[in-house]
Amino acid sequence: MMRPAMVLLLFLAAAAWNLAPTAARADAGTCFSCHDRSAFSGPVVHAPVERGRCGLCHNPHVARFQGLLRLRQDRLCYSCHRRQKEAFARGVVHEPVASGNCTGCHTPHAGSGKGLLKEDLAGACFACHRDLAGKYRYTHQPYAKGECGRCHRPHRADNLQLLVEEGDRLCLGCHDGGDLAAGHRDFPTPPGGCLSCHNPHGSGRSALIRDELHPPYRQGCGGCHRPGGLTVARCLECHQDVQQQMMATHSHLTRRNGNSCLNCHSPHAGDTAALLRGPVRLLCVSCHLQTLNGYRQSSSKHPDIQDCSSCHEPHGSSHLALLKGDGIALCVRCHEDQGRFTHPVGPGILDRQTGQVVTCVSCHNPMGTKYGYQLVRDGKKALCIVCHRAY
Amino acid sequence: MNSPCLRQCLLVLALLPVLCGPAHGRNASGWQWSLVLKQNKVSDAMQMPTALYIDPEKGQYYVVDSGRNRLLSFDRRGVLLHIFNAGKGLQTPFDMVRTGNGGIWVVEKGKNALSYIDLKARSITPATLRYQGALVYPDRLEAADSLLYVLDKARGRIIAYTLEGLAARTVFSCPDCDGGFIDFRIHEQRLWALDRQDRKVFCFRLDGSLEKVLALDGRLNFPVSLAIGPSGSIYILDRHGRDIVVYDRNGRFRYRFLGRGISRGQLYYPVEIRFDPWGGLCVVDEGNARVEIFRR
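In order, the protein sequence lines correspond to chains B and C. Position 134, counted from 1, in the first sequence is what the numbering used here calls 134; the numbers after and before it change by one each time, with no gaps. Position 5, counted from 1, in the second sequence is what the numbering used here calls 5; the numbers after and before it change by one each time, with no gaps.
The following block holds chain B by itself, in its conformation from the complex (with noise of 0.2 Å):
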């Protein structure tokens, strides 16, 4: 009885060696023919391109990829670089590493860079950190000879910002001793946490300090480091708006060594008036990175979330989710069509199973979903009969 079966087994192993790509054996002066060589050649070549394997990674007839790639980018590169598929799937990954995007830094073919990386990497990481100034008044010195690398790591970190490493021991590595001591003479406390004043990047303030400053930084020390600590009433001494939001059903009063605020903002400086520690997408992500996560494992999603505080709010929210408003006056902002017509929403028109008013979130979910329209349920029947039990 096993025989037929192993003869089945060798009969499919022939054919699947038969049915290969014969491509990946041709000659690659085929491809050549047309292509010019010139442009697959370099200090460092891709190791495919060296042995003329084009076909490994091109369907020289038709493919779904651009590029006429076999495979999607990333897994076509994780094919052969299986450490490094397991790597940067841990701790905190970069968005084009996450997106599968390997080529953003990569060059696939051949160039100049260890690494097969872009000549002008740099111009590569501005590609997307668009918010960065090329240039400033008073330029920290890596930052200007664009080695970015030599902060931050390309791939995946421990630190949301892929730092090399974290906290202060980055900045002492190049800077300290008498020096660091002789720039903070005087300070109530040893000087520690130096992302809170300066911008690793640049300024238009010596020494790299932030372009903002806090009022009492400003004045002196002795606003804030006084008795009684610094606690969230301290603050709440001058911002009392904020008070008023933080008295809200759900807060983000949690703890950060007893003053939640240092959470987000900076005591000291910052680079706008908010004094925000970092992009306001980062700052939610140290402790919501599942979140993001899970948005970007969603196969539909609201496009271009960068800054979460236009959706929710930072401080406090008597809605779910801390979201700013309802589920539908928070939409209604961009989608103006859908506010005019739309299934029946809003106030009077109640979901019979909880007597919750039906929203767009009722069906939506803009943080992602597999279904389309980032839709909670499947759009074609699923989501509707959950309502709708009689069809």
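Just so you know, these hints were derived from the structure itself, not from any lab. Check the hints yourself; a few may be wrong.
Straight line, CA to CA, 30 Å or less: simulated BS3-like cross-link-like pairs of lysine-lysine [claimed, not checked]:
#: 1; chain 1: B; residue 1: K118; chain 2: B; residue 2: K145
#: 2; chain 1: C; residue 1: K41; chain 2: C; residue 2: K120
#: 3; chain 1: C; residue 1: K111; chain 2: B; residue 2: K324
#: 4; chain 1: B; residue 1: K324; chain 2: C; residue 2: K88
#: 5; chain 1: B; residue 1: K85; chain 2: B; residue 2: K114
#: 6; chain 1: B; residue 1: K381; chain 2: C; residue 2: K111
#: 7; chain 1: B; residue 1: K324; chain 2: C; residue 2: K41
Dock chain C against chain B, hints included.
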């Protein structure tokens, strides 16, 4: 097909459950939906219920309806008994307990206060709490042995106050935790506290000394509440995962159950979990505006 081949097929089918591994899915939990606490009048449904208090002597459940500034009471069959809004005097109530003299203590976030409601006198007395001079932001609340245990959300610590005079007695804190505690339970003379940021559960003796720390694994998405089961199992409510994850008394994962949705037995922004004295596992589902009770 000859009989040896048929026997092989049957053997494979019989071994499939073993070959596929233990059923860690939702059907392995044994928990079945039993009861729902909700306002059946749809136009007067709860909005964002945030807490559940259980009175074992009266056999009643009390739900804090934060969105409508009121408290609802239900009997053990889930029948709505009373709706109480303290003369419209409640401002964003978040949690509550009842103490022996029949009074109600309510965390009112709208006033940043712990308020005492005297039903006989028909009065609400809000109290601003402090500890060592610093303002406290009350969040979660428990009562045990003539003490009120209050979670200070701003500092992520739990402070035990006396009922009379609200004098601070004991503090339960975790100096090394990045985020502090976000929920706690008192169970068999121990205070169990949940550290969301580090995914840990702390067990304190009631004198404030730490007994043990359990590190939970990374499968939690956004834990918000915990309950300790009768056998010592730890039940963690995952708000973004929309489910309950169960660990044994040593912090080892056992199973998870429930899922997202609006139908019976499904969750949408759940906020609190606790056991009632009658074997029920109660889940306060903020998004679906109800409390669901599951039993084995």
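(request) Sort out whether K120/C lies within 30 Å of K41/C, counting only the CA atoms. (result) holds (28 Å)
(request) Would you check the hint for K118/B and K145/B, treating anything up to 30 Å between C-alpha atoms as holding? (result) holds (16 Å)
(message) Against the 30 Å threshold, does the CA-CA distance of K111/C and K324/B hold or violate the hint?
(response) Roughly 21 Å separates the two Cα atoms, so the pair holds.
(request) Mind checking the alpha carbons of K85/B and K114/B for me, to see if they're no more than 30 Å apart? (result) holds (19 Å)
(request) Please work out if K324/B and K41/C have their alpha carbons no farther apart than 30 Å. (result) holds (28 Å)
(request) Decide if the proposed pair is consistent with the structure: K381/B and K111/C, CA atoms, cutoff 30 Å inclusive. (result) Violated - the C-alpha atoms of K111/C and K381/B are around 46 Å apart, more than 30 Å.
(message) Need the status of pair K324/B, K88/C: alpha-carbon distance at most 30 Å?
(response) Status holds; Cα separation ~25 Å.
The earlier numbered hint that this structure contradicts is number 6, and it is the only one.
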